[in-house]
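Undergrad: Next come the chains, spelled out residue by residue.
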Amino acid sequence: MAELHILGQLKYSIFGNKNSLFCRYSTQTGPNWTLISGSSEGQTLSGKPDHEGRVIWSHPIDLHFITKGIQGWPKLLLQVSCLDSLGRSWLVGYGCCNLPAGPGSHTIRVPCWIPAATSITDKLRQHFLGGSHQLARTDVIALGTDRVNLTTESTGLVELEVCIVLRNFTQFGIEYK
Amino acid sequence: MDEHHVTKFMVSFSGQLEYITFPAGVFDDQLYVQYNIVWGPDWKPITGLSSGTSQIARSGRDPEKVVFNLPIEMVFSSTNIHGCDSLRGYGLFLLPPLVGTKKLTTHLFRPRSATLLGDWLAWIIGRQPELAEPTMLASGKDNYLLRTESYGTVTLKMAMISKDLRKLGYDNQPAWQYNAEE
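Line order of the protein sequences matches chains L and W. Numbering that gives the first Met the number 0 numbers the first residue of the first sequence as 0 and each following residue consecutively. Numbering that gives the first Met the number 0 numbers the first residue of the second sequence as 0 and each following residue consecutively.
Hints may be right or wrong, so weigh each one.
[Stated by the list, open to error] Now the in silico label distances, taken between C-beta atoms and shown as ranges:
| # | chain 1 | residue 1 | chain 2 | residue 2 | range |
| --- | --- | --- | --- | --- | --- |
| 1 | L | Gly15 | W | Val66 | 31 to 37 Å |
| 2 | L | Arg124 | W | Glu72 | 56 to 62 Å |
| 3 | W | Gln29 | L | His50 | 43 to 49 Å |
| 4 | W | Thr46 | L | Asn18 | 32 to 38 Å |
| 5 | L | Gly86 | W | Ile45 | 34 to 40 Å |
| 6 | W | Val66 | L | Ser118 | 54 to 60 Å |
| 7 | L | Glu51 | W | Gly47 | 33 to 39 Å |
[Said to hold, decoys possible] So the derived list for chain L, only partly shown, Cβ under 7 Å to chain W, looks like this:
| # | residue |
| --- | --- |
| 8 | Gly41 |
| 9 | Asp49 |
| 10 | Asn97 |
| 11 | Pro99 |
| 12 | Ala100 |
| 13 | Gly103 |
| 14 | Ile107 |
| 15 | Leu149 |
| 16 | Cys162 |
| 17 | Leu165 |
| 18 | Arg166 |
Because the hints were derived from the structure by calculation, they are not lab data. All residues carry an ideal CB built from backbone N, CA and C; glycine is no exception.
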């Protein structure tokens, strides 16, 4: 079976003026894929924005998949939350990116969004007290269906760097170059 | 060696930790850097120092930059890429699994006190909180939502040479020619 190594880092995020930010991530793959080492989900440390507004995470990612087919190439789902000075946390961004298929080092910037406040009371509450709306079904992050009824707001971006190493893909006739 | 008996590959990393920059200027008179190289279960170090400490340096004409030029050399043998090594100093690098020279830059961060009292104590005493087990940053697990703030960057130049990596079926080269200096 062909093997795929994903090595990299969740480097930083830019989300404007937030007190402290952290990110939960998970991977999503098709049925042909098996994760044999590494953890498919994790959480970064929480960082304070620096003078350029970036929150540095430098969180390592190390995944090793084996696969029987290329359907359902791995995706990375991100859920960024903020932590305020009172210790409350709420979501500030959802993001999803396909992991690249070509070997080598790739820099990926994932723009993030959040369900928007639609009523005036919600807007006022979020402006003065904080808090946000969350998705009840998080599978919407990686799916293109059922998005018609969703009103969203763009929030920030996350930058990650991944190195892809493939093994034995050419033996099975997969042409990626 | 017979091609069918190759079960291990070897990877050599050599490079140097070049300099640190602090965008608002260097406020401390003397700085030094400690590094650790952390690797996964399948890796075996052959030669080289896996941890080290630099000289004590101060900035020169450029007030934002402290040059160390600390050489780092390490040769590993392994059977599996999982657990590819990383390097940290409250900053974390992934040593590139790609052949060639690469210039890497990472941001530094330091932990913040969990309480307001700890913040004041750090300010009065002048000692910042430190991590008891810094290698935990390389594993990425169990950070218990450590609160941090960041300042400054570290730049590292690293060259990687591999042996028997392609014989074992691995492909780590991008389709286009990679220009590491850019």
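Undergrad: Take the hints in turn and mark each one as holding or not.
TA: Checked hints:
1. Checked against the given bound of 31 to 37 Å, the beta carbons of glycine 15 of chain L and valine 66 of chain W, roughly 34 Å apart, stay inside it.
2. In this structure, arginine 124 of chain L and glutamate 72 of chain W meet the distance hint of 56 to 62 Å, their C-beta atoms being roughly 57 Å apart.
3. For glutamine 29 of chain W and histidine 50 of chain L, the hinted distance range of 43 to 49 Å is not satisfied, since their beta carbons lie about 24 Å from each other.
4. Hint check: threonine 46 of chain W to asparagine 18 of chain L, Cβ distance near 46 Å, so the stated range 32 to 38 Å is violated.
5. For the hinted restraint 34 to 40 Å between glycine 86 of chain L and isoleucine 45 of chain W, the CB-CB distance of approximately 47 Å leaves it violated.
6. Distance hint for valine 66 of chain W and serine 118 of chain L: a CB-CB separation of about 57 Å, consistent with the stated range 54 to 60 Å.
7. Taking the beta carbon of each, glutamate 51 of chain L and glycine 47 of chain W are about 35 Å apart, inside 33 to 39 Å as hinted.
8. Annotation: interface hint on glycine 41 of chain L holds; nearest CB of chain W at approximately 6 Å, less than 7 Å.
9. With its C-beta approaching chain W no nearer than about 5 Å, aspartate 49 of chain L sits inside the 7 Å limit, and its interface hint holds.
10. For asparagine 97 of chain L, the interface hint is violated, the least distance from its beta-carbon to any beta-carbon of chain W being 17 Å, above 7 Å.
11. Annotation: interface hint on proline 99 of chain L violated; nearest CB of chain W at approximately 10 Å, more than 7 Å.
12. Evaluation of the alanine 100 of chain L hint against chain W yields a violated restraint, the C-beta minimum of about 11 Å exceeding 7 Å.
13. Using the Cβ-Cβ criterion of 7 Å, the hint placing glycine 103 of chain L at the interface with chain W is satisfied: the shortest such distance is roughly 3 Å.
14. Because the beta carbon of isoleucine 107 of chain L sits about 14 Å from the nearest beta carbon in chain W, more than 7 Å, this interface hint is broken.
15. Residue-level restraint check for leucine 149 of chain L is violated (minimum Cβ-Cβ distance to chain W is 29 Å; threshold 7 Å).
16. Among the interface hints, the one on cysteine 162 of chain L holds; its C-beta lies about 5 Å from the nearest C-beta in chain W, closer than the 7 Å criterion.
17. Proximity of leucine 165 of chain L to chain W holds as hinted, the smallest CB-CB distance being about 5 Å (cut-off 7 Å).
18. The closest approach between the C-beta of arginine 166 of chain L and any C-beta of chain W is roughly 5 Å, which is under the 7 Å cut-off, so the hint is satisfied.
In this structure, the hints that do not hold are numbers 3, 4, 5, 10, 11, 12, 14, 15, in rising order.
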